[in-house]
Amino acid sequence: MELLVDLQQKTSATLQKYPEPKDALISVLQDVQEVFGYLPEDALRCIAAETGIAASQLTGVASFYAQFRMEKPGKYQIMVCMGTACHVNKGERVADAVREFTGVEEGETTPDGLFSWEEVACLGCCSLSPVMMINGTAYGKLDKDKVKKIINDLRNAEKGGEGACVCS
Amino acid sequence: MRLLLGYGSCGIAAGTHDVARVFDTMFDGKDLSITRVGCNGLCFAEPLLQVVDDDGNDHYYGRITQKDAKSIAQSLLEGTLPNQNQLSEEEVAFLTKQTRIALRNCGLIDPENLQDYRAKGGYTAFTKYLKASPADVLEEMKTSGLRGRGGAGFPTWRKWEAAAKEQSEDKYIVCNADEGDPGAFMDRSVLEGDPHSVLEGMLLAALAIGANHGLIYARAEYPLAIKRLQTAIDTLKEAGLTGKHILGTSFSFDFKLMKGAGAFVCGEETALLASLEGGRGMPRTKPPFPAQKGYKGKPSNINNVETLANVPWILENGGAAYARLGTEDSKGTKVFALAGRVKRGGLVEVPMGLTLRQVVFDICGGILDDKPIKGVQIGGPSGGCLPEHLLDTPIDYKSISATGAIMGSGGLVVMDTDSCMVDMARFFMDFTSKESCGKCVPCRVGTTAMKEILDKIVEGNGKPEDLETLKTMGESIRASALCGLGNSAPNPVLTTMRYFPEEYEAHISEGRCPALKCTALLHYEILPDKCIGCTLCRRACPTNAIAGEVKKTHVINSDACIACGSCAQVCRYGAVLVTSGKAQKEVGLHA
Amino acid sequence: MNSVQITVNGRAINASMEKTLLQNLLENGVYVPNLCFNKNLESYGGCGLCLVAVEGLPKPVRSCSMKPSAGMNITTDTPEIVASRNTSLSLMHADHRGDCIAPCRRACPTNQDAQGYIGLIADGKYEEALRLIKEDNPLPASIGRVCPHPCEDACRRKHAEGSVSICSLKRFAADTDGNTYTPDCKPSTGKRAAIIGAGPAGLSCAYFLAREGHTVTIFEAMPKSGGMLRYGIPHYRLTDKVLDGEVAAIERLGVTIEYNKTLGRDFTIPSLKEQYDAVFVAVGAWQSTALRCENDDLPGVLGGIDFLREVAEGKRPEIGKRVAVVGGGNTAMDAVRTARRLGAQEVVLVYRRTRDEMPASEWEIEEAEDEGVKFMFLSAPEAVYAENGRAAGLVIQKCELGEPDDSGRRRPVPIACALQEERFDTIIAAIGQKVVTEGLDPLAMTRWGTIIADKNTFQTNLDGVFAGGDAVNNGPDIAIQAIAHGKHAARAIGAYFNGTLSSHKAPFYVEKTKEVSREIGEVPFLARVKDTFLPPDERIQHFNETNRTFTQEEARREASRCLECGCSAYYDCRLLPLLQMHEITHIPLKSANNVLPEDHSHPFIWRDNNKCILCGLCVRVCKEVVGKEVLGFDARGFSTTVECAFHTPLAHSDCISCGACTAVCPTGALQDKRAFTKTPPLPFSVKTVVCEHCENRCAFDVYSHGRSIIKAIPDDIRKTCSIGRYGLTLQNNGAVKDIGEEAAGRLKKALLGDLDYFKGTLPSFDSTEDIMRYYN
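Protein chains in written order, with our numbering: chain A, 1 to 168; chain B, 1 to 591; chain C, 1 to 776.
Everything labelled a hint here was simulated from the structure, so no lab data went into it.
Please note: incorrect hints may appear among the correct ones.
To be verified - A few chain C residues that don't get close to chain A, going by computed Cβ distances all over 10 angstroms:
#1 Y126
#2 K224
#3 P270
#4 W363
#5 E421
#6 S560
#7 T585
#8 P597
#9 C698
#10 D716
Claimed, not checked - With a straight-line Cα cutoff of 30 angstroms, these simulated DSSO-like cross-link-like pairs (lysine-lysine) come out:
#11 K298/B - K67/C
#12 K165/B - K237/B
#13 K149/A - K551/B
#14 K286/B - K259/B
#15 K144/A - K530/B
#16 K39/C - K67/C
#17 K398/B - K343/B
#18 K142/B - K59/C
#19 K22/A - K256/B
#20 K67/C - K286/B
#21 K241/C - K434/C
#22 K343/B - K146/A
Note that the Cβ used here is the ideal one computed from N, Cα and C, for glycine as well.
Sequences are here, hints too, so could you generate the full structure?
Written out as structure tokens, the structure reads:
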């Protein structure tokens, strides 16, 4: 649990980068989300207090864009592509597989805090459909078994005490 | 010898990272190295290595695994061209049959290296026109006949001219890199493979309209594109090609890159501006147009990535050279992103006027497994689904519009007989209803209402009168929605209703999905004469709907079956029969 | 001012270039529907209704965002535009959840505004309640006693601890007034109407015609008025005195009643037609249906309504000790209970089906049971058997229940060889009634012997001759139905006088259709106030009223139970008239089933997102005019709602109570609370007053109903402030008198809102005493 003072400090530090945060609100929120993994309500209150941006504007923007989260996500954020090509190539089966192997519904986080997943609009890797992306890395031509292996590998790596390398 | 390894997001998804690591290790300390380039469009063959030998001949090696990479590296180290993983002639023809202008550098240069771009003639147009008058740029653009490649196809020079006319201390040139159409990835490839062409295009546009600021609004889902763009912007600044008084002239210009945050509607000009200003991406009424009142109320001009990538070439080679390509009404080339059930999916840039059939069959090799083609989806959620008999439609703005679809940004999803057109219509309606900004009633409620009707139809609960409702509602939304997203949202439904009425008919009056796609209308059973009792299906079934002992015929309990198709996926004996009404087929991997 | 000439629907108009096209069109009287436009705010384009076609443009444009230019040629109603508007309104309707009018009002044939009068009773405004009742119903004291009240069956509170006692509340309001109220009549039109029959239909028609300024004469065959209310309903339910009072009130409007004048004997329809501009036939159904079995015409066999009429006339027929009443309807219940009061020791109700199928009201059956009436179910009279030329009993065929019939009730099927004899001194056949057709021959009749009258206009086959009540179409029904016929026929006759008679279509209303239990949510238990009855053994001794009118305390308590289903914004909703005017198609929308929570936290404002059409006016006015940005949009697409930041209740936001948002809301999504217990929709009149609370002297439109102020809206939204918006109302309604110290403190805080924003000079508000002084 983040202490309120720490949270405010981190938020303020992020705001320092923006001389005119009102004009760059989306970037500000992206940075804050980068810091916390999501947009904690207290961070938004802190932004409102420090910048004078109306709180309703902050929540209005945060709730408008698919990227912003108001809840803490999993360590590995799985984005399952729901683009046209993936749909034609049975992308819904990837979503089913992710649901099955993480054991949680879309938008939820696994109890161990490792995985959360969501359906997203096209990831632009259509020629490799069906596709999913985990923390920025795309995985293509998926089927149920591949999804299972990818998720299990990540889980096992965590159990083994070392983070799996999924950075790009 | 140059070794070009495709390093776009698509390549990475296909495993290029691992392959590159092998090459790097093998070449470590040797005088061979790979150049990480953007995607050259041969996405179907990734991971892909292009070897340019010392005579300038190209050799392509595709679908490289780590193991392949080892032996390929080995022969290269030995100074011989590898004789494995070579692309077939046909596959190479995929490239040679194209006319590449927007994609001219993609896959050929290191996108993070300014010198690579300059070596290909980059920034010569900019330095040339830096000293010319804005009218010269506009004139050349007018001659070229270039129209906006983002979808609407508005003549680019007209837009520039409108913004040029406005008097203002600050003017903005905005690059719309919020490529949101599912199934389209042209812009991503350009941004990842040749970011400088876009920046140069913006600089040239800025010269024409007198803009002093450049804003790039890029999709957050494209992290690699954003990274390379930022690198390009930084190197440009270091090189003195941006900033105050560029190359000693009175022209000053700066770039700013902003990440979108996941809203398809932000591809719409006014929504994009609202988002750039830090607000909710809700479009506003026009007039005033962005050329009059754009970013922060200042005159602004918004062009998409592909449009801008064409600009340096046009100004370098002359508008007339560009206008020689294409047709009377649609000049130049257009990039298409081919995906779906096509043999060679990837990026294709062709002169306007080619037919859809030429693109799908001649260049991309036709349909996977040589199945019959059902149609193509062109233009994404704003576009339409065209049937096989319209494949001879020439690709130009007018002809495509006449079919009820739109040219759109260039997504081309190929569908075979396994695709259900009602399901496709539902898919797009679901997409637009989720992406609607919620501002205007026709779009906010209308897309949801249409989606619910389509839900009903794919579930077998449709009624004949639903078709009339879809049609009237669709036409009203088209006329009354506030922005392009809403205006065009009914297109996929209206075109499928127009070209595939029999599929709607089958779902509604017979409760049958001819493509065996709509789960609610499917019935699965196991054929006793084919089942050998291997238990694979029983174990794969998520609802335990299959009973059976080893070496005995298995049986599906249809009450528990959710028609997910898992059994059919695992069956090796073609023993699973799926039926929908009268249509049926035996499925199973080796059936 | 720069102006240009434009052409609109072929007409040349001078248009101001400073204004939008929409403003220009509206100012020139051109009809262009719109919901999200406000001249003080930037154009928005959300509702999509103000589309017009501009010559030369490929697509219709929003007139709210365009400025006129010289020579523009505009069409406002192309087929494409009309279709788009209809679709947009249909879609808005699909996502607009609420009840324009309450289910009780919908259920009442007269569309009696029960929520309105109940709300007024709850606030102690009894006189205003009665006035409101009399807008729909001239006989509330009578109806408040005898009505089987379909309204209470529709009452949502019945899904909690019991429906609101709507009927008794009406009686309370009427009795409290005691017929002192006489509504105003419009100046005489010179048109004359003749009405045949002074029953509920005739009286109602006379009342509504008289109020419109028409001259009315009623011809009544009986020596007294009231029809079946007097001659068919026993005195223990409705006394002559109550009825006389209400009829006298109608006569005060100038209605003449000529008694003992019988159709076919004293006058004919053609003769009336010659002397009057219109005729309304409301003769009722005064003939009992016979038992239709052997010996059904013997002495000792009486018709139900004949029997009741004799008793009503003061006669006391000899009926013996054991009496059978055949039938299961309300007349049968009246007959058994009357028979008990006449001294019959054993009264048996003989009915072919079971209690569950009885058409009589449950409470009437219970009261009869209490009074010792016996029930013989599944029993059909096979024959009357005779002794000495007089009925002496019934041969009864026992039955069992079979399949349901057309009415949905299970039909009685005779059991073979199951006959039984029962001795009775008198047999009363209360199984139905028929129209006496004497003098009706010029009129087209149904095969059941009723007059054919148009369902909407009530006109018969003869021009200018209208008919209603028990005598038409489906025949006898409940009294309130007859009153409704009279009311609706009066409107049709008025239209006939103007030459504008056309088939009237029932107006369209938005209705909630979801499961009621979810709709009403958690309702704190508050038991229904029971009517107080005399003990059964006492009440069967006489024909006095069996129950009494609510006390004030009972009435207010009962009225407080109203859930206020109908929309408070009913009378100034801007969406409803558009939905009624345009062709709406019903679009079922699953996604709209999600019930959104209401926000009642704020002292003056309440929000109901279920009714929000997302026109954005509140969000924009809060930002662009007030500069506060308290309200904002949340989420996107179909899930978009208007919320405070972090979904906090409005009371915990930075709201300054300026009321700008509620003033601009076109629907009931944002509403002003009132200084009353209840906030029913009430018709209002508007008067402009100058607010004296500071030196700005802003003009406010004050909306009032009777003496109560409903709300005050600044004539210029830019001058809105909490003192004017809510202070005026509170002060004038005297609502701050007894609210207690803590509440007064909260009130003050809320009223003053943000002092920086309030630019006027404030009277001192240093203590609670100040505010009390200020408002008292």
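Find the nearest Cβ of chain A to the Cβ of P597/C and say whether that gap is larger than 10 angstroms. The claim stands: P597/C keeps its Cβ more than 10 angstroms from every Cβ of chain A (closest is about 17 angstroms).
In terms of Cβ atoms, is chain A entirely out of 10 angstroms range of C698/C? 26 angstroms, holds
Is W363/C truly not at the interface, in the sense that its beta carbon sits beyond 10 angstroms from all beta carbons of chain A? With a cut-off of 10 angstroms, W363/C remains clear of chain A, as the shortest Cβ separation is near 51 angstroms.
Since T585/C was said not to touch the interface, does its Cβ keep a gap of more than 10 angstroms from each Cβ of chain A? About 31 angstroms separates T585/C from the closest Cβ of chain A, which puts it past 10 angstroms; holds.
Status of P270/C, Cβ more than 10 angstroms from any chain A Cβ: Its Cβ never comes within 10 angstroms of chain A, the nearest being 73 angstroms, so this holds.
Cβ separation check - Y126/C to all of chain A, threshold 10 angstroms: 44 angstroms, holds
Checking one constraint from the list: CA of K22/A to CA of K256/B, max 30 angstroms. Satisfied? Holds: K22/A and K256/B sit about 16 angstroms apart, inside 30 angstroms.
K142/B and K59/C: Cα distance at most 30 angstroms? This hinted pair holds, its Cα atoms lying about 26 angstroms apart.
Given the hint that K298/B pairs with K67/C, test it: the Cα-Cα distance must not exceed 30 angstroms. Since the Cα atoms of K298/B and K67/C sit roughly 20 angstroms apart, the hinted pair holds (cutoff 30 angstroms).
Pairwise hint evaluation, K343/B against K398/B, where the allowed Cα distance is 30 angstroms at most: The given pair, whose Cα atoms are some 28 angstroms apart, holds under the 30 angstroms limit.
Straight-line Cα separation of K149/A and K551/B no greater than 30 angstroms? Measuring from Cα to Cα gives roughly 29 angstroms; hence the hint holds.
Under the criterion that the straight-line Cα-Cα distance not exceed 30 angstroms, is the pair K144/A, K530/B satisfied? Holds, at roughly 24 angstroms.
In this structure, none of the earlier numbered hints is contradicted; all agree with it.
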